[in-house]
Amino acid sequence: MKKAILLVTILICSNKGFAQTTYMSVYKIDSLTGEQYNVILKKQFNAVINSSGKTTIGNYASADIKDGHLAFNATKNFKNGNMLSVNANGGITDGFFAIFNQMKINSNLGVDLKYNMMFKKSSSLSFYVEEIDKLKNHLSNADAEYKLSNTIHVHDSSMLQKRLFLVKNEIDTIVTRVNKGSLNAQEKVNNEYQLALKYLEQDSINLKLQTLKSVSESNAINKNKMKKDKLTATEAFDYTAIYFQWVSIGAGFQNNNFNQFKPNFIALDSQVIKQNYTTWNITAEWNLYNWNHYSKYTYYLLIGGKFTIDDNFSDLSKVELNDVHKYGDTINQRTITKKIAAYKGDYQTKLIGIKFYVDFYKFFLDNSAAIHIFPEANYKQHSKPLYNAGFGLLYSFKDAKDKENKAKLNAELYFKLSDLSNNTNSGLSVLQRNELGLRLSIPVTFFNF
6 MKKAILLVTI
16 LICSNKGFAQ
26 TTYMSVYKID
36 SLTGEQYNVI
46 LKKQFNAVIN
56 SSGKTTIGNY
66 ASADIKDGHL
76 AFNATKNFKN
86 GNMLSVNANG
96 GITDGFFAIF
106 NQMKINSNLG
116 VDLKYNMMFK
126 KSSSLSFYVE
136 EIDKLKNHLS
146 NADAEYKLSN
156 TIHVHDSSML
166 QKRLFLVKNE
176 IDTIVTRVNK
186 GSLNAQEKVN
196 NEYQLALKYL
206 EQDSINLKLQ
216 TLKSVSESNA
226 INKNKMKKDK
236 LTATEAFDYT
246 AIYFQWVSIG
256 AGFQNNNFNQ
266 FKPNFIALDS
276 QVIKQNYTTW
286 NITAEWNLYN
296 WNHYSKYTYY
306 LLIGGKFTID
316 DNFSDLSKVE
326 LNDVHKYGDT
336 INQRTITKKI
346 AAYKGDYQTK
356 LIGIKFYVDF
366 YKFFLDNSAA
376 IHIFPEANYK
386 QHSKPLYNAG
396 FGLLYSFKDA
406 KDKENKAKLN
416 AELYFKLSDL
426 SNNTNSGLSV
436 LQRNELGLRL
446 SIPVTFFNF
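Residues in the sequence shown are numbered from 6 upward in steps of one, following the working numbering.
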């Protein structure tokens, strides 16, 4: 009976031990190093967190179906945990599909740079205790294999050198014996045969020494393999939760290139004017990211502000113009219609503006989907304040065959209400001042920036 009770007690304690999760700072000496933590960060951000098109951490390509807008984002990880993000985006105001018809590509090119500074002391990682021991064993094995490979290379080189020395001595001995002339015909033939074999062995050893890599070359190859093995081991580190904050400081420009329609001009050629203006911006953002293998605890929050030297392109109304050309007489007539996308309104440039915005993602369905809320307030020179709010549903499509369960495509269907307070006196109701669109983003992991 006592043995049974003791056995049950041991099993209960064992189960508790295996289920235990340890929370600790990743920068403690007895935990992960900063470099290892950066590897985990890079892996975590292979999937796109922020699909809204803002410059963020991660490598991805994205498209906004509604606006015909393409973006490419790349991130550079530094050893101190900070990151540099580069976002290049572009599109054409004549329509999305024109990008693929070899028309004017990226006429509205924009580039944004952001330096992301991590709050190291507030970062934390949750993992099972045995994961640290598992990682240490893998790293220790990589070090041991590196040392063993170097030792084997030095040993092989040394053994070849020693064997070459012995073969040369044997050759000298045989040559001396043959040159003395005291051997009979049969003995001389045997010695010459042995001499030929030794010469062949000497050539073979010399060839091996010539093809054998130098100690420095071999050490570099083995060291590179050790680093790859350690990187693979760190990427395989299984954690249950990760939490961190960072501040982003950035700057960028956006080139607006479009057709402006001025119906008050009598001459048709003067009604459509080509406009080209470059806007500039400076941004500051605070980010908080909490990921958990239980999706109900996973969320991402971004609060930011942007100072701009801007134009009022976003206030213009998009119109579609038709240029009609008729060919032939009145009986047999052919008509060719050319459609032109243009924007109508009073276009102004060099406007000082400030924008405040929030992006909040709440994940569910095992972190495969998220609700996205994104309100914003815009204050621009010579204009009344504009308050917008949006709601989106983000879903991450993954490959079931991929063991790492990485996202292959992120799609967000969003609905945005513009000018909530109707400061522009548009004459439309709140629900009529809406925008419905679809954003697609594809994580990119095939390059190192």
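The hints are simulated quantities; they were obtained by calculation from the structure and are not laboratory data. Check each hint, because a few of them may be wrong.
Straight-line Cα separation of at most 20 Å, EDC-like style, residue types lysine to aspartate or glutamate; simulated pairs [claimed, not checked]:
#1 421 with 351
#2 403 with 135
#3 301 with 240
#4 235 with 381
#5 311 with 117
#6 125 with 40
Distance ranges between label pairs, derived from CB positions [said to hold, decoys possible]:
#7 374 with 332: 29 to 39 Å
#8 323 with 269: 13 to 23 Å
#9 218 with 191: 38 to 48 Å
#10 430 with 398: 42 to 52 Å
#11 243 with 285: 17 to 27 Å
Every residue gets a Cβ at the ideal spot worked out from N, C-alpha and C, and that includes glycine.
Structure-based check of all given hints:
1. For the hint pairing residue 421 with residue 351, the CA-to-CA distance comes to about 24 Å; that exceeds 20 Å, so the pair is violated.
2. About 28 Å separates the Cα atoms of residue 403 and residue 135, which puts this hinted pair outside 20 Å; it is violated.
3. Taking the CA atoms of residue 301 and residue 240, the gap is near 24 Å; set against the 20 Å cutoff, the hint is violated.
4. For the hint pairing residue 235 with residue 381, the CA-to-CA distance comes to about 44 Å; that exceeds 20 Å, so the pair is violated.
5. For the proposed pair residue 311 and residue 117, the alpha carbon gap of about 12 Å is at most 20 Å, so the pair holds.
6. Restraint check for residue 125 and residue 40: satisfied, since their Cα atoms lie roughly 12 Å apart, inside the 20 Å limit.
7. For the hinted restraint 29 to 39 Å between residue 374 and residue 332, the CB-CB distance of approximately 54 Å leaves it violated.
8. A beta carbon spacing of about 18 Å between residue 323 and residue 269 agrees with the range 13 to 23 Å that was offered as a hint.
9. With their beta carbons about 45 Å apart, residue 218 and residue 191 fall inside the hinted range of 38 to 48 Å.
10. Checked against the hint of 42 to 52 Å, the C-beta distance between residue 430 and residue 398 comes to roughly 32 Å, which is inconsistent with it.
11. Roughly 45 Å separates the CB atoms of residue 243 and residue 285, a value that falls outside the hinted 17 to 27 Å.
In the structure shown, a violation is registered for the earlier hints numbered 1, 2, 3, 4, 7, 10, 11, in ascending order.
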